[in-house]
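K.L.:
Spelled out from the first residue to the last, the chains are:
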Amino acid sequence: MNPFKELIQSNRAWYCLDCGKCSSVCPISLYQVAEYTSPRLFIETALVCGEASTFDNSLLWSCLTCGRCTEICPSEVGFLDFIQEARQIARGKDLSGDCTHSGMIETWGRMMTDPKLQQNRLDWVGGDLELSADGDTIYFPGCLPYYQAAFGDLGIDGIGIATAAVKILNALGIQPQVLADERCCGHDQFWQGDLETFQRLAKLNLDLIRSTGAKRLITTCPECAYTLKNIYPEQVGDLGMEVLHLTELLAGTELAVQKADLPGPGAARATYQDPCRLGRFSGIYQEPRDLIEASGFQLVEMEHTGRASICCGTSCWSTCGQVNKKIQTERLKEARLTGAEILITACIKCQIHFKCAQHDSNLAEENQIVIRDITSIIAEQL
Amino acid sequence: MKTKQPGRRIIVFSCNWHAYNSLETAGKQGISYPSSVVPIRLSCLGRITPGMILKAFEQGAVGVFLMGCPPGDCHYVTGNQLVEQVFLETRSLLNLLGYRENQLQLDFLNAGDGAAFVENLQKIINAVEEPLENR
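Here the protein sequences come in this chain order: F and A. For what it's worth, the working numbering labels the leading residue of the first sequence as 30, then goes sequentially. For what it's worth, the working numbering labels the leading residue of the second sequence as 2, then goes sequentially.
If you are wondering where the hints come from, they were derived from the structure by calculation, not from laboratory data. Since the model is a prediction, treat every value here as computed from it, not as a measurement. Worth double-checking, as some hints may not be accurate.
No more than 20 angstroms apart at the CA atoms, straight line, and that leaves these computed lysine to aspartate or glutamate pairs for EDC-like [claimed, not checked]:
#	chain 1	residue 1	chain 2	residue 2
1	F	K244	F	E277
2	A	K56	F	E225
3	A	K56	F	D143
4	F	K354	F	D389
5	A	K56	F	D127
Far from chain F, some chain A residues (derived; all Cβ distances over 10 angstroms) [said to hold, decoys possible]:
#	residue
6	T26
7	V38
8	F88
9	E131
If you only want the chain A side, here are some residues facing chain F, beta carbon under 7 angstroms, derived [stated by the list, open to error]:
#	residue
10	T50
11	L55
12	L97
We treat Cβ as the ideally placed atom computed from N, Cα and C, and that holds for glycine.
The whole structure should be built from the sequences, with the hints applied where relevant.
P.N.:
Right under this line is the structure:
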């Protein structure tokens, strides 16, 4: 079958009821005022107008793949997979999204596909962090060292997350392995439709991780967790071990148990940003919240929370502009309106994107709120 | 006709003003430099991005030299200040990717200084040719 017809068929596009529920929740539809675009219209374009018009629709690349539309669709149209597969077909025709950050992230991703590459990614290891060369558990920091190098000027807590994660694991009596030859998990390449680079990265990671003999892999990145757990088995093979986001591991430990005197009177108020890959994609909503409360914060929720949570405004580096910035600033305003002093998230990308929006000198004071990663918060309580 | 050694190329990103003038001066003065050096002229070195530098390495460059105008004398006022942040950020990224620090270098030249231009090239060529055991 023609790949475009296959795309329509396999993702239930014909089942679209044209009800517009997706359009009412899509953050791009809400803030893209220059032209009207929505998941519903995108599907209709594919069905009625065909391939050329579909690839011409700006939503092909501006879609955040946040999953809000797919989650709310009463007809189970697979919009997320539709976008991912459409991008794959479009790439075959030399189309692509914006090359944000001068294509730097895509370039280092491609450089990591070199099997002979000898990275120097473990500079953060040392001090009192206890690691092991053959432990049962791998800690997979993902691109944290790279993001620290590229976005350190935004004041992000990149390497801090990695060291905090090892400290937490050590406190639980776990000495994890960290792998010098780990590659980017390929999440962004997959969602950009660059399946070739994704598969090359994934195969290198798969062989490396399998060769360690570990039984469990822990990561602090929701994108790595989702990709290693769900996309790898479909695309390259199963890691043959349990894959967990750190908050899942901690859910069953004393770190998640709220102590009787916490949060005490006058405790700091915190609000929580559900990362798309941890919340809607992996169904992990309660674990991070329990951990925040057990860390002594009074948790206050934003207007859009849990399943209805709003994306940090950018995904897989495929677009950035006025619309994305608007999503970010509106979300930061929502966080401020809760009265919280701190916005906690569990994904480095959320942190990068929100802090970037805060650095825009044209944006008002009302966007200013402390942003931290949940891993760093938990490590401080040890 | 094949004039450049494959696989050992050094890319020079040079601004159009002071730095490129020093390259032209080297040419006029007949000071030669190896054919493995590929100069790429930019309007201003402030145009350079980490992505462009990484791309040069991805495509097989062994070294990248950034050359711009002296402090306080940028043709576009702030270009040579902007490049410093890009330089440091990209060095950190290259370090993570297993490259050595001196495979990316930055210098600011005065117009007409052909000798300084070629000296810089020699500096980076020596650095990338340095045997592994001395690195």
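K.L.:
If a hint holds in the structure, say so; if it doesn't, say that too.
P.N.:
Hint check results:
Only pairs whose Cα atoms come within 20 angstroms are accepted, and K244/F paired with E277/F is accepted, the gap being roughly 16 angstroms. For the proposed pair K56/A and E225/F, the alpha carbon gap of about 18 angstroms is at most 20 angstroms, so the pair holds. Under the criterion of a C-alpha separation no larger than 20 angstroms, the hint pairing K56/A with D143/F is consistent with the structure, at around 14 angstroms. A distance of roughly 9 angstroms separates the Cα atoms of K354/F and D389/F; the hinted pair therefore holds under the 20 angstroms criterion.
With a C-alpha separation of about 16 angstroms, the suggested pair K56/A and D127/F falls inside the 20 angstroms cut-off, and the hint holds. No Cβ of chain F comes within 10 angstroms of the Cβ of T26/A; the nearest lies about 31 angstroms off, and the non-interface call holds. No Cβ of chain F approaches the Cβ of V38/A within 10 angstroms, the least distance being about 22 angstroms, so the stated non-interface status holds. The claim that F88/A lies off the interface holds: its Cβ sits roughly 12 angstroms from the closest Cβ of chain F, which is beyond the 10 angstroms cut-off.
E131/A, annotated as away from the interface, keeps every beta carbon of chain F farther than 10 angstroms; the closest lies near 17 angstroms. A cut of 7 angstroms between beta carbons decides the hint on T50/A: the least distance to chain F is about 4 angstroms, and the hint holds. Because the closest C-beta pair between L55/A and chain F is about 4 angstroms apart, less than 7 angstroms, the hint holds. For L97/A, the shortest C-beta to C-beta distance to chain F is roughly 5 angstroms, which falls under 7 angstroms, so the interface hint holds.
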